[in-house]
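Just so you know, the protein sequences line up as chains A and V, in that order.
Numbered per the numbering used here, the first sequence spans residues 398 to 510.
Numbered per the numbering used here, the second sequence spans residues 170 to 286.
If you're looking for bench data, these hints aren't it; they were derived computationally from the structure.
For each residue, glycine too, the CB sits at the ideal point set by N, CA and C.
Treat the hints with care, as some may be off.
Footprint (simulated), chain V over chain A, 3 or more residues, beta carbon under 8 Å [as the list claims (entries may be wrong)]:
#1 409-415
#2 440-451
#3 472-479
#4 497-507
Here's the letter readout for the chains.
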Amino acid sequence: NAGVTQTPKFQVLKTGQSMTLQCAQDMNHEYMSWYRQDPGMGLRLIHYSVGAGITDQGEVPNGYNVSRSTTEDFPLRLLSAAPSQTSVYFCASGGPGTFEKLFFGSGTQLSVL
Amino acid sequence: AQKITQTQPGMFVQEKEAVTLDCTYDTSDQSYGLFWYKQPSSGEMIFLIYQGSYDEQNATEGRYSLNFQKARKSANLVISASQLGDSAMYFCAMREGATDSWGKLQFGAGTQVVVTP
């Protein structure tokens, strides 16, 4: 039972590069979210999705794109990486039947130089 | 404005003692949910407990209980009989609105708990 799988676990980018953080869940959850965690702060919501084909912005969406073509996958794209995007990124999923619990992936540590 | 406030940046607690982690929240919604998550040094986010705004009884999950005081807008986590493995960062979080906001949590800054022998 894989749960929520994030790849890669670590990534170093140069300013201006683009990349995609992958997130996949095998629990048939409707809801998926991306958060970032910076030192001394809690997690902040970047984007979320309530189902395939439906996405919306969270608190800190600038510089990130998402799409949800399938229930299982919710990739996060950095279009032109900036040092301010250095952070730990978490993907989460949940939905009816999970009793309000969000299941988190193990995180991606991203450094932008 | 900060929606979730955790005023204790860090705490030391002795093994087998109880510890209370403070959390206050701010919302004008009638329907909301309050959560506590644990983040050990390994980095994963572990769900501990949930309290719905309409739940009349305080939530409990094993050694964890949530002291919900709606009028004061507080949702304190109580860990009874602390264990060394409880050393971690603890985050309080809130979901505003009904279940269509399921994936949208707002987190506090966290409280670092260190359990000593």
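Cross-check of the supplied hints:
no., hint, in the structure
1, 409-415, "violated (count 0)"
2, 440-451, "holds (count 6)"
3, 472-479, "violated (count 0)"
4, 497-507, "holds (count 7)"
Figure legend: structure checked against the earlier numbered hints; hints not met, in rising order: 1 and 3.
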